[in-house]
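K.L.:
Sequence:
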Amino acid sequence: MTLAAPPPARKPSSPEPPEAARLTAALLGWYDRHRRVLPWRAPTGVTADPYAVWLSEIMLQQTTVKAVVPYFQAFTTAFPTVRDLAAADLDAVLRLWAGLGYYARARNLHACAKCVVDRHGGVFPTTVDALRALPGIGDYTANAIAAIAFDVPVVPIDGNVERVLTRLHALEEELPGAKPRLRALADTLEPADRAGDLAQALMDLGATICTPKSPACVLCPWAEPCAARRRGDAETFPRKASKKEGRLRRGAAFVAVRPDGAVLVRTRPEKGLLGGMTEVPTTEWTTTFAERSARDHAPALGVARKDWRRVPGVVTHVFTHFPLELLVFVAQLAAGVDAPAGSRWVARGDVAGEALPNVMRKVLEHAGIDTKPGAPSMKRAAPNQPRPSSRISKPKRSPR
DNA sequence: CAGCCGTGGCC
DNA sequence: TGGCCAAGGCT
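The first sequence maps to residues 1 to 400 in the working numbering.
Careful: at least some of the hints might be erroneous.
For lysine-lysine, the following DSSO-like pairs were computed, each having C-alpha atoms within a straight-line distance of at most 30 Å [what the hints assert, rightly or not]: (1) K213 to K179; (2) K240 to K179; (3) K179 to K66; (4) K179 to K372; (5) K240 to K372; (6) K271 to K179; (7) K306 to K66; (8) K372 to K271; (9) K66 to K372; (10) K114 to K66; (11) K271 to K306; (12) K271 to K114.
Computed beta-carbon distance windows for the label pairs [as the list claims (entries may be wrong)]: (13) L273 to D296: 14 to 24 Å; (14) R36 to D139: 21 to 31 Å; (15) R292 to K213: 36 to 46 Å; (16) R344 to D139: 32 to 42 Å; (17) T188 to T320: 28 to 38 Å.
Calculated directly from the structure, the hints in this document are not laboratory data. Every residue gets a Cβ at the ideal spot worked out from N, C-alpha and C, and that includes glycine.
Kindly produce the complete structure, drawing on both the sequences and the hints.
P.N.:
Below, the structure is given as structure tokens:
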């Protein structure tokens, strides 16, 4: 991780360095001046901690640096080593992950920690293939960890690298079909000397200069060789096949509250949407939801159909592949009502500590229940529990 | 291999 | 405001 050495003096007859070597050198020189300081990133000249690299890479999958930072701090505080993480309960991991999304990542994170301890003696393997074999680590992450933590001379390809390289070469081929060609282009770079720095330099370039919308080409170390900049349409790369949008699904959520403030919840199935996370009982979420019969699906608590009071307005939420609209019904229960099979009561002060996905935070807030940590409970919630974006629809009034 | 998986921020 | 996007992996 030394600063780039000045180019060796060459005799007049020496050939120019190959194009790839010049590209790599220009990028690394820029990185040495403009690298971002990030919690998981070692100072210049210091080897990064593989545990920190792995944890950050998993969190950063399809997730912004800004969103990740507080979660990374919370995890390294709660689990300073991979052994601590492996020894933790999955539920504790999910609670700490709540709000970050893509919850299969948290389950795989926990499984991966166990594998590292059980199969590798608590030490991360150093080869791409061995890393690739671990849960939650795919092609990109295996190459990224190998390069960043162990300086294996490989170039990981993520969304940033795709964008940077398709622009550099003005590659017209659409993604994802163009992936093999991108791999070939990435392999023309020269990671041999500083693989970790090169990988992070590509990502920093993509995140700060070669951005999706308004790339700052004037500041770019690759401005001169960039084919897309020369054409003047860098922001139109990469080319992508259009994806179809999901249809609106609707449903109803049921918030049952005891006199002491306890709320009825259940745990979602391990796999699939919001797997393993906490929710209030709901109907199925369908494109053909019938509001009239919604109350028929309320949990069996011995309350009259009419005692499920509809909270005006709706909760809206957009998942990756479909938008969701939930009606919210609230019922005030008598003390001592048993929770139906498969569900449980959660004390008012413990709601914030549950593994609540944001859509459920919205539902509870819509029903007037505080999901923020710190209320009348001794129990600690995730220290970084983000608020649900309070974009709950106002009650709809029919125009007159 | 294309569909499934969250969430927050941006313009 | 809503459509798009972010350091992808799994099936």
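K.L.:
Each hint: holds or not?
P.N.:
Verification of the hints:
For the suggested pair K213 and K179, the alpha carbons sit about 21 Å apart, so the restraint of at most 30 Å is met. For the given pair, K240 sits about 11 Å from K179 by alpha-carbon distance, which is consistent with the 30 Å threshold. At most 30 Å may separate the alpha-carbon atoms for a hinted pair to count; K179 and K66 meet this at roughly 28 Å. The suggested pairing of K179 with K372 is violated, with an alpha-carbon distance near 43 Å, which exceeds 30 Å.
Using a Cα cut-off of 30 Å, the hinted pair K240 and K372 is violated, with the two alpha carbons roughly 40 Å apart. Restraint check for K271 and K179: the C-alpha separation of about 29 Å stays at or below 30 Å, so the hint holds. Under the criterion of a C-alpha separation no larger than 30 Å, the hint pairing K306 with K66 is inconsistent with the structure, at around 45 Å. Between K372 and K271 the CA atoms are separated by roughly 26 Å; this keeps the pair inside 30 Å, and the hint holds.
Under the criterion of a C-alpha separation no larger than 30 Å, the hint pairing K66 with K372 is consistent with the structure, at around 20 Å. Among the hinted pairs, K114 with K66 is consistent with the structure: their alpha-carbon atoms are about 28 Å apart, no more than 30 Å. The suggested pairing of K271 with K306 is violated, with an alpha-carbon distance near 34 Å, which exceeds 30 Å. About 19 Å separates the Cα atoms of K271 and K114, which keeps this hinted pair within 30 Å; it holds.
Judged by the Cβ atoms, the range 14 to 24 Å given for L273 and D296 holds: they are separated by roughly 23 Å. For R36 paired with D139, a C-beta distance near 24 Å keeps the hint of 21 to 31 Å intact. For R292 and K213, the Cβ-Cβ distance of about 45 Å falls inside the hinted range of 36 to 46 Å, so the restraint holds. One distance hint, 32 to 42 Å for the beta-carbon pair R344 and D139, holds here, with the actual separation near 40 Å.
Under the hint 28 to 38 Å, the C-beta atoms of T188 and T320, about 33 Å apart, fit the expected range.
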